[in-house]
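As they're listed, the protein sequences go chains A and B.
If you count by the working numbering, then the first sequence holds residues 762 to 1083, one letter each, in order.
If you count by the working numbering, then the second sequence holds residues 25 to 155, one letter each, in order.
No false leads were mixed into what you were given.
Mimicking DSSO-like on lysine-lysine, the simulated pairs with C-alpha atoms at most 30 angstroms apart in a straight line are:
id: 1; chain 1: A; residue 1: Lys783; chain 2: B; residue 2: Lys84
id: 2; chain 1: A; residue 1: Lys783; chain 2: B; residue 2: Lys124
id: 3; chain 1: A; residue 1: Lys942; chain 2: A; residue 2: Lys800
id: 4; chain 1: B; residue 1: Lys124; chain 2: B; residue 2: Lys84
id: 5; chain 1: A; residue 1: Lys984; chain 2: A; residue 2: Lys783
id: 6; chain 1: A; residue 1: Lys898; chain 2: A; residue 2: Lys984
For the record, the hints were derived by calculation from the structure and aren't laboratory data.
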Amino acid sequence: MKDMAPATALRAVNWNRLEDEKDLEVWNRLTSNFWLPEKVPLSNDVPSWATLRAEERELTIRVFTGLTLLDTVQNTVGAPALMADAVTPHEEAVLSNIAFMEAVHARSYSSIFSTLCSTEEVDAAFRWSEENPHLQKKAALVLDAYRAGDPLQKKAASVFLESFLFYSGFYLPMWWSSRAKLTNTADLIRLIIRDEAVHGYYIGYKFQQGLAQVSAAERARIKDFAFSLIFDLYEVETRYTAELYDGPGLTGDVRHFLHYNANKALMNLGYEPLFPAEAAEVNPAILSALSPGSENHDFFSGSGSSYVIGRAVATEDEDWDF
Amino acid sequence: MQGLAYFTSASGNTGRFIDRLGLPAFRLGAGADPSVLRARPFVLVCPSYSDGEGRGAVPKPVIRALNDPAIRAQLLGVIGAGNRNFGPLFGHAGRVIAEKCNVPLLYRFELAGTETDLARVRGGLAQFRRA
Ligand SMILES: Cc1cc2nc3c(=O)[nH]c(=O)nc-3n(C[C@H](O)[C@H](O)[C@H](O)COP(=O)(O)O)c2cc1C
Ligand SMILES: [Fe+2]
Ligand SMILES: [Fe+2]
Chain A
762 MKDMAPATAL RAVNWNRLED EKDLEVWNRL TSNFWLPEKV PLSNDVPSWA TLRAEERELT
822 IRVFTGLTLL DTVQNTVGAP ALMADAVTPH EEAVLSNIAF MEAVHARSYS SIFSTLCSTE
882 EVDAAFRWSE ENPHLQKKAA LVLDAYRAGD PLQKKAASVF LESFLFYSGF YLPMWWSSRA
942 KLTNTADLIR LIIRDEAVHG YYIGYKFQQG LAQVSAAERA RIKDFAFSLI FDLYEVETRY
1002 TAELYDGPGL TGDVRHFLHY NANKALMNLG YEPLFPAEAA EVNPAILSAL SPGSENHDFF
1062 SGSGSSYVIG RAVATEDEDW DF
Chain B
25 MQGLAYFTSA SGNTGRFIDR LGLPAFRLGA GADPSVLRAR PFVLVCPSYS DGEGRGAVPK
85 PVIRALNDPA IRAQLLGVIG AGNRNFGPLF GHAGRVIAEK CNVPLLYRFE LAGTETDLAR
145 VRGGLAQFRR A
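Bound conformation, chain B alone (with noise of 0.2 angstroms):
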């Protein structure tokens, strides 16, 4: 079964929608060492924080985590999270990480994520298990 991890800032969007889901997640940019993520295939869910140009839109801690091949290498593929309000950078930092990291974008939902989303990434996530 794939992993889950995610960013959340202060605002705590990304991480309302977590608690939602259900499921175990681990939390980037919270202290604890990414390292563990190595261990196995795992989805990433990651709000976006762009300029107005849609540069720096993945958040430091995340890009770190990225930067380590063995934790890039379990990467299966990206949830985008932000607000549709940003225009053409709706969700942007999803859409950076699936190019960057050569990865399929998922997904994509505003702020903590609407019941329809949450279905449909748990939907989602379930096929991706028996795939």
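Chain A extracted, bound-state conformation (with noise of 0.2 angstroms):
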């Protein structure tokens, strides 16, 4: 059989020519954020885990089938809808790093569960998220984006998935550690949480590069689908945040942590937010969790512990040269 070369010539990525520099910048941050579930030693938090009561497992359990459910979409649905939109060889190269590491957090869920919970309890749990009408109805709802909207409207839904409903059930691991419970739960949760957050800045910037090459027509009909998206969205999590965390009396608290984070999915996206400051306000032990040891003394809101500045922190010696 004869050689024929296809009609268009596949090109190889050449990562000595970028088109945008952000590509390589975010790929570097992604590949040095790599890690797998096996480097968190879980067994730790069985003693805690024993501590909890069957309706306090119960609760994280779902929670953590609930995230499942979302990194699977991801992984199997979400960033490859947007690899077949990237304008760039290695926007598509970066995508399919992000579509790898979200099967690496939907398996560490299971690594979670191998090491603290029986098998009937797991169970029982993926047979909940398969049987619960919000959880189903969120999914549902971003799914309906990918297969149908236009590659504005899939990078709006992605960046809604990643930055906004995952936060419903993140909420929960932060709450244990702000309480001494599951706190290497609550490590590996964090490298989780600091994935999607370069995920939702780098897909919300190519968002904005894609909606400032179209008009100001399409603009408005594209911040018109993002809007009433997230507040479909918004209306699900509301119900599912209710159904989930009414025993444990933390509704509220969950309200103002949805709140806050729909405003950051919004700029993720470069829109200004939707929930007023008063809403969007966290319990503060659930921001110290998600960034622990990073208080700072701070001279303008006058709060924060007086932490002198002082560690040793790396730095980059070789460019100051003062």
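Two chains, two frames, a set of hints: combine them into the complex.
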């Protein structure tokens, strides 16, 4: 058989010819963030897990199966759908890294389960996740956008999933960690949260780049789509949140966290926040669980612990020559 | 009255914060010569871009400007921008600059900032002005 040249030449990705510097910047950050669940000593949480009441254990496993579902969607549908729309070959490569890490995230919840829980408890929670109408609805809303949306709509949906929908779930391990429970599990979740921050940033950035290429009318149409989608998702999220968190009396606290994250998701897309500042004010214990050890004396708000800023930090000394 | 300088990359979060703040500010890394910053005291607003270990958090154009002793001498303090989801490295560039230049880390905010952040930064800068 004779070799036939394809109609358009296939292009090999050349990382020494960048069309967008952000592709390399984000690639570097994502590859240096790489981790596997085996790195986290989850078994140290076994004694802590044993102190949880049955309903607290059930809530925790349910929350984690909900998160598993969203990561599965990102791994199998979301990231591949965005790859098809990539405008640079490097963007496609970054998205393939993102797709793989979504599989690591989904897999890591099962590591938590196999370390802490019984098979029956876990099977019951997976059944719950398949039957829970709110969880199924939010995944379906995002999947609709992935299947039927244009490239900008898909990106908006992806940012909402990664920067907003995950947080009703992420709240719980942060709350446990603020009460010195399941702290190794929280360390693993923080690795996921950090990855999602880069994903939301990057896809939001590509969204903004794409938006700058279209007409004002098209921009208005996309903005309407984005705000109406986040509204629909928010409605489902509030019901999902109430169902999970009414029991322990945390629904109010979680809602503030939802508002805060919805605002951040919109900022990733370059939009203004939706929820007013008071509604988006998060329990300080949850904030410090998100960024432990980063407290600072804060001159402008007069709050924060008065840590001296004297801890040695890694700096690029060859760049700072004074 | 002190001046204001900032860096923002193509994602533009810090730039949107500065726009909403509504105060005149010098943008680093956009081509203009930073030596104008030698003229009077200023506060710097800087986003963080570290690798996983915290290295490289401060954008190069900011380092280049601060390597000029006459600019550094005018730096009053720094406001770090970033995202709390980076955990212990939240707003890390602010901390690195504060340490390197021996100035206070005045404030930190996430992404393009909230109304609360804008109010605190406005209030803080005004207080500075009176001091
Ligand atoms: C590669 C990369 C690394 C980052 N590292 C950090 C970090 O260490 N700490 C932090 O708080 N934010 C970090 N961020 C988040 C940015 O600082 C944040 O999105 C900021 O708003 C960007 O500002 P800009 O859009 O004005 O450039 C990082 C973002 C990227 C893309
Ligand atoms: Fe994920
Ligand atoms: Fe993700």
